[in-house]
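Participant: Start from the sequences, fold in the hints, and give me the full structure.
Just so it is clear: in the sequence shown, position 257 is 371 by my numbering, and no numbers are missing.
To be clear, the hints were calculated from the coordinates, so they are not data collected in a lab.
Treat each hint with caution, since some may be false.
[What the hints assert, rightly or not] Pairwise CB distance ranges (calculated): (1) 165 x 258: 36 to 46 Å; (2) 133 x 220: 21 to 31 Å; (3) 219 x 164: 34 to 44 Å; (4) 325 x 262: 17 to 27 Å; (5) 215 x 188: 21 to 31 Å; (6) 133 x 298: 20 to 30 Å; (7) 262 x 188: 54 to 64 Å; (8) 238 x 141: 46 to 56 Å; (9) 207 x 337: 44 to 54 Å; (10) 216 x 355: 51 to 61 Å; (11) 373 x 122: 19 to 29 Å.
Ideal Cβ placement from N, Cα and C applies to all residues, glycine included.
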Amino acid sequence: MVAHSGSRVAIRTAVELSDWLRRRNIEVALDEPILRSRELDGAAAWKPDGKYDLVVVLGGDGTLLGVARSVSPEVPILGVNLGHLGFLTEVTRKDLYPSLVKVLAGDFDIEERSLFDVEVHRTGGEAASFRAFNDAVITKSALARIIQLELRVDGHLVARFRADGLIVSTPNGSTAYNLSAGGPIVFPGLQVAVLTPICPHTLSLRPIVVPDSRAIEVTLETQDEEVYLTVDGQEGRSLGYRDRVVVRRSDTPVQLIRMRGRTFYASLRDKLNWGG
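Facilitator: Have a look at this one:
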């Protein structure tokens with residue numbers, strides 16, 4: 115069980131849920147913020163690479179993003195939305211216990227979601243690598259001028275363009291920064307990447323959807339500007355002139371639990387107020 119470290123509601127819910135599970139003779143491992151909140155006799159510490167039957171994430175999409183990048187690929191994740199919008203977290207606080215009863219009885223579905231492997235190749239420094247559940251974003255700092263990027267897919271030149279940056283989004287992340295920047299909503303089961311320029315100087319440059327089995331390569335062609343790579347809004351690196359960012363679909367997907375009868379389209383209607 116993993117909880118948003120800065121949320122009292124998440125920590126309190128985690129402690130209550132831990133007691134509820136133990137009364138049903140289910141062993142529970144807890145992350146550090148939950149363990150610190152109160153003495154829990156015999157409670158084990160959660161390890162991201164451990165072997166578990168289920169990981170319950172209490173918080174918002176941001177909490178789930180961190181877990182999804184680190185958890186073993188065969189372990190299913192149930193997200194409990196204690197935040198705001200929550201496209202990735204499956205159940206609400208009021209539905210937590212009825213949903214868990216169904217999960218413990220095997221009444222649920224598993225959705226495989228793609229991760230991206232993100233590599234930074236520096237011209238004058240060490241390489242770096244990350245895993246992205248939502249997106250990899252290359253963008254200028256607040257005070258930097260517009261930057262120039264070269265975009266290639268599978269070695270083929272797509273465009274050289276000037277913009278505030280570029281979003282390389284998984285289908286999971288299509289309803290995140292990509293959506294705010296004018297990119298399309300993509301069904302999460304598709305094996306594609308969405309390439310969305312951020313405020314491009316050329317108005318004809320539009321978002322494009324490409325197969326995520328092809329290497330996506332972005333090269334920074336601007337000198338003396340502060341430019342950053344940010345992965346899922348949580349980690350990243352600064353970029354220099356001629357540094358390259360290469361994005362590919364990871365070989366290890368994430369397993370998300372979905373309650374039966376709940377569809378992606380129902381989530382869109384609810385979260386985006388589409389009505390119906």
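Participant: All hints are to be evaluated individually against the structure, with a verdict given for each.
Facilitator: Consistency of the hints with the structure:
| no. | hint | result |
| --- | --- | --- |
| 1 | 165 x 258: 36 to 46 Å | 45 Å, holds |
| 2 | 133 x 220: 21 to 31 Å | 23 Å, holds |
| 3 | 219 x 164: 34 to 44 Å | 24 Å, violated |
| 4 | 325 x 262: 17 to 27 Å | 26 Å, holds |
| 5 | 215 x 188: 21 to 31 Å | 23 Å, holds |
| 6 | 133 x 298: 20 to 30 Å | 44 Å, violated |
| 7 | 262 x 188: 54 to 64 Å | 42 Å, violated |
| 8 | 238 x 141: 46 to 56 Å | 49 Å, holds |
| 9 | 207 x 337: 44 to 54 Å | 50 Å, holds |
| 10 | 216 x 355: 51 to 61 Å | 54 Å, holds |
| 11 | 373 x 122: 19 to 29 Å | 26 Å, holds |
Consistency note: the structure conflicts with the earlier hints numbered 3, 6, 7.
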